[in-house]
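Participant: Sequence:
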Amino acid sequence: MNYLTSANFTTHLEIFQQAITEIQTRSCKLIEDYPLSIKLSTGESLLLTSTLEFYLNNQLTTTFSHAAVKAFCEQLRQLVGFNNISYTLKVWIEKNIEGQYFSRETKNYDSTYTLKEGMELEEINLELLNFVCYVAICYMKYGASYESLSADRLFKLVEASGSNAVAKLRKNGSGELSISESSYSDNDVDCKANDVFAIIDIKINNEKQVAYEKSLDFIIQLLDLNFPKSYQIKFSSSANEYLPIDNLPHVPVHNFFANALKYPKLHAKIKLYAEKSMRTYEWYMDLEDEDCAMPSTFAVLGLGLVSSEYWPLVKRYMETCDGDHSLIQTAFTPVFIKKFGFTSETLPIFISCVLAVQEHEHHAIFWEKINDKVSLELLLSCKRNIVEYLSQSQKENWKDELDEMIEYVWEGVCYAIWGVCSNKPAAVVIYSASEELKPLYQEILL
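With this note's numbering as the guide, the letters of the sequence shown map in order to residues 29 to 474.
The hints are simulated quantities; they were obtained by calculation from the structure and are not laboratory data.
A quick note: this is a predicted structure, and the numbers were derived from the prediction, not measured.
Please note: incorrect hints may appear among the correct ones.
Taking CB as the label site, the calculated pair distances span [unchecked claim]:
id: 1; residue 1: N192; residue 2: S131; range: 13 to 23 angstroms
id: 2; residue 1: H278; residue 2: E429; range: 36 to 46 angstroms
id: 3; residue 1: N136; residue 2: A172; range: 39 to 49 angstroms
id: 4; residue 1: L251; residue 2: E133; range: 20 to 30 angstroms
id: 5; residue 1: Q103; residue 2: D274; range: 43 to 53 angstroms
id: 6; residue 1: S419; residue 2: E148; range: 51 to 61 angstroms
id: 7; residue 1: L300; residue 2: E439; range: 29 to 39 angstroms
id: 8; residue 1: K366; residue 2: S208; range: 39 to 49 angstroms
id: 9; residue 1: Y137; residue 2: R307; range: 49 to 59 angstroms
id: 10; residue 1: S131; residue 2: Y436; range: 48 to 58 angstroms
id: 11; residue 1: N36; residue 2: D180; range: 33 to 43 angstroms
id: 12; residue 1: Y436; residue 2: P292; range: 18 to 28 angstroms
With a straight-line cut-off of 30 angstroms between C-alpha atoms, the simulated BS3-like cross-links for lysine-lysine are [stated by the list, open to error]:
id: 13; residue 1: K367; residue 2: K427
id: 14; residue 1: K231; residue 2: K220
id: 15; residue 1: K411; residue 2: K343
id: 16; residue 1: K290; residue 2: K236
id: 17; residue 1: K98; residue 2: K118
Glycine is no exception: its CB is placed at the ideal position from the N, C-alpha and C atoms.
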């Protein structure tokens, strides 16, 4: 397909200007083939990112208006998503703002910015700095969780100018949330949210059910608004409860949900929070490395130990979390099996836990709880019907190699329960079984 790009800015000036007008009036047609382009009412096609670049360049030749540029970028974001315009915005800022006014020094992947020698804040159009802040906020709200690093870099750039714009954002947020949406305070609880830096701050003044109910209402309301999907929950309270699960990090968000779970009447609301907050590739931002956790983690794991009513929620969580980067959920499995054992209801949950990571570690409690005729017969039935235990997305993703993946899944299950691997072959486990159970072990492991 032939379309106009940035190489055609000067030769097709009027067409690019027409494209801006048609985007603003929503009269052009989006062509969703890669790369994204737009088709004008007069038939010409233009690369969408080149149209954005032309618009930004044109604004520099007039009086740059942050409000006008933000409005245009918001139209494009709503049309194609921020991820389809973020690179163009990043490169344009580097060339026309960072390159013009700042020097950068990078050490150990961390960049430090200073104004170029002889440059003063007064020489920089503050509307440009406000625009940089807008793009940084977009990274926080609409970008992948790791793109908070891009936001931090842009905020550092603005701070290096001497502007207090970032300080205002730290104090007040973006201003897009109303006062009632971003804060709540009474004798029971103080709640405050900053949508720019993705922080929810909860302080319990009276340790009672209503305080946690109000806190949950505040958080759930934020999730229904334009609040970042990865965020941090700061929490302070006189009660320091934690879930009865070893190896979970004792962080504020864990403390909050463990405290709230003490009140059975709040369990339905905690479940609602979990349903709204769990998203693949989103994270609690104060947890890193092996402790990284998807929003909803502590709510789901706590509810999963309360009642079978919440086991479908646990299964959904295990199918949603990013098992390539998160291991925190595996701490739940041995506690779950120790409490509930292997039954027709718990086995699907166990399998989903095993599949939630690349390799679930072995725990002796699994072997102990499976080592009876009824439980082993359930597991044998599971082996024979393992496809029924897979999620719909797993079936679709593995449809071209389903047999190989089923074999891989079953190896993972056997490793988690008995530690079967090259250093501990199945024959060793079968040999140790009682004569009564040995035939079942052979069918399951061979």
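Participant: Give a verdict on every hint.
Facilitator: Cross-check of the supplied hints:
At about 21 angstroms, the CB distance of N192 to S131 agrees with the hint of 13 to 23 angstroms. For H278 and E429, the Cβ-Cβ distance of about 41 angstroms falls inside the hinted range of 36 to 46 angstroms, so the restraint holds. Taking 39 to 49 angstroms as the suggested C-beta distance range, the pair N136 and A172 does not conform, at roughly 22 angstroms. A hinted range of 20 to 30 angstroms is violated for the C-beta pair L251 and E133, which are about 39 angstroms apart.
Between Q103 and D274 the Cβ separation comes to about 51 angstroms, which falls inside the hinted range of 43 to 53 angstroms. Checked against the hint of 51 to 61 angstroms, the pair S419 and E148 passes, with Cβ atoms roughly 58 angstroms apart. Taking the beta carbon of each, L300 and E439 are about 37 angstroms apart, inside 29 to 39 angstroms as hinted. The hinted window of 39 to 49 angstroms between K366 and S208 holds, with their beta carbons roughly 45 angstroms apart.
Range check, Y137 to R307: about 27 angstroms between beta-carbon atoms, so the 49 to 59 angstroms window is missed. Hint check: S131 to Y436, Cβ distance near 52 angstroms, so the stated range 48 to 58 angstroms holds. The hinted range of 33 to 43 angstroms is satisfied by N36 and D180, whose Cβ atoms lie roughly 35 angstroms apart. One distance hint, 18 to 28 angstroms for the beta-carbon pair Y436 and P292, is violated here, with the actual separation near 40 angstroms.
Between K367 and K427, the direct Cα distance comes to roughly 35 angstroms. Violation of the 30 angstroms bound is thereby established for this hinted pair. The straight-line distance between the Cα atoms of K231 and K220 is roughly 9 angstroms, inside the 30 angstroms bound, and the hint therefore holds. Restraint check for K411 and K343: the C-alpha separation of about 18 angstroms stays at or below 30 angstroms, so the hint holds. Under the criterion of a C-alpha separation no larger than 30 angstroms, the hint pairing K290 with K236 is consistent with the structure, at around 10 angstroms.
Between K98 and K118 the CA atoms are separated by roughly 14 angstroms; this keeps the pair inside 30 angstroms, and the hint holds.
Hint compliance for this structure: hints 3, 4, 9, 12 and 13 are broken, all remaining hints hold.
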